[in-house]
Amino acid sequence: MLSADRLTLGYGRHRVVHDVSLDVAPDAGGVAVIGESGSGKTTIARALLGLVEPVRGRALFEGADIARLDRAGRARYRAAVQPVFQDGGEALDPRMRVGASIEEALRMRRGDGPTVAELLAGVGLDPGLAGRRPHLLSGGQRQRVVIARALAVDPRLLVLDEPTSALDVTVQARVLRLLAGLRAERGLGLLLITHDLAVVAGLCATVHVLFAGRVVESGPVAAVLGSPAHPYTRALREAVPRLGAVHRPAGRPDAPPAADGCPYRSRCPLAVDRCATEPPALEAVDGDRRAACHRAGEPG
Amino acid sequence: MSPLITIEDLRVRAGDRLLVALDALEVGPGECVALVGESGSGKTTVLNAMLGLTGGLRVSGRVVVGGVDVVGADERALGRVRGSAAALISQSPQDSLNPTMRLGTLLRRVLARHGVRGAEARERTADALRSVLLDPGLLRRYPHQVSGGQAQRFAIATAVALRAGVLLADEPTSALDVTVQASVLDLLARLRREQGVALVFVSHDLAVVSGIADRVVVLRDGRVVEAGPAAGVLGAPASAYTRELLDAVPTIGK
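Protein chains in written order, with the numbering used here: chain A, 45 to 344; chain B, 206 to 459.
Excised from the complex, chain A in its bound form (with noise of 0.2 Å):
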């Protein structure tokens, strides 16, 4: 329903996102581009909906292209496809009571919906806050209110972009067992961008990891999380905090991407002499799933 197809992403000069193509779909289970501060997540999110124009390939819903959209089909865009951005309360009129900001996306909706209080009650808030205006609530309840919001529509696919991470562990847990029971019972396809493996998990069947604007690895979220093919996605699983679990960092983790070769030889503990010459391709390493790594599937 939702493509990128070969994008390559950049503000003026700067090229941000390198030729990276994806698929979500509802009924299809949820998809998560991971990656760290700076490698592009957000941008593919913001072209996939309509708020960057592509340096090179498509952003394409239904198979046409997001920028050349028609009337008839912009309207099914927005019918159908519902973002929620991580500082989402920002969004929200200030003047509005949030019942009726909800109120007021219901309305988008074909047939009977919930009712404002069902909605708040779902992603675990009073539904007596309807009365408030944004700025008398939490971050955390400005959050929810937008997912809430969102459901409103009854979107097909939900653009998530780190929808949980200014929340409580305790109010993440809430609104991640949410949008899972609305994937499992009504197919709700789920593109996700996140920093944290963690909340992937549950939530998502495929994922894309994201390094310096590369797919460094992708594939199903079991094989990927499982038995990581590429040295990042290691880290990343590693570095994920653990109940009784005490993690020793090895590396630079915050050093910048190399400009030639393969970019993540910077931090890499494999690298070796082709990794700064040759830059790696996405390629098959098992069953779907692909790595760009010249020692990919290497123990580590």
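Calculated from the structure, these hints are not laboratory results. Yeah, the Cβ is synthetic: ideal placement off N, Cα and C, and Gly gets one too. There may be inaccurate statements among the hints.
Sample of chain A residues with no beta-carbon within 12 Å of chain B, all distances over it, derived [unchecked claim]: (1) G82; (2) G94; (3) D114; (4) A124; (5) P158; (6) P297; (7) A303; (8) D304.
Where chain B lies over chain A, by a calculated footprint (3+ residues, C-beta under 8 Å) [as the list claims (entries may be wrong)]: (9) 97-107; (10) 224-232; (11) 243-253.
Here are a few chain B residues that face chain A, going by a calculated C-beta distance under 7 Å [what the hints assert, rightly or not]: (12) G354; (13) D382; (14) H409.
Take the given structure of chain A and dock chain B to it, following the hints.
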């Protein structure tokens, strides 16, 4: 050894509303105590009370930091506590750095304010940067020219240069990428081991806490729900609320 921080019968009120009730807490040299809870639990208020950063709130009880009871202390006494006895490490240190000054200038001024100048200041700066693994070239940069991880290391280096006995860390890694978070947590653990720095660590994330804390205090609505050694509180929680926090930790295997 005598504790670096002693809290007795701390009550913080906004008007008539009781925000925090903490009967007793001690933090010894090299110890890490985690204050855990959700937004609104009072964990940051307790941390702020340790530095007398409670303007507009009514505070009673005793909060002794580096030998000074900060409850009712005047600004001069508080100035001696802040930075030299206990230093605050915030969630986004970049926001609290003057954007028009290079990091080197900022650090020099902080040290001068605490009476450390000249060769002594240069020596402490070099040692502190080395202990947090920052390149001295970073001192020529402005705050917006460094990454979040570098800014956090710089904030920790400032505390080290001031010889702060306790770091008061308020969600110090929750704005960082996971790989950078792991390296900052490792740095804090190393400072405890090698320099005996004590740590009060405020977080809502029990997985992060479990890797660093000796003792855990679980707060809810300003009251202590459960407190004790980290292994006990996290391994066999006595309260339903602690279990709820534990269950919320996302795991890859689940």
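Kindly indicate which numbered hints from before are broken by the structure, ordering the numbers from low to high.
1, 6, 9 and 10
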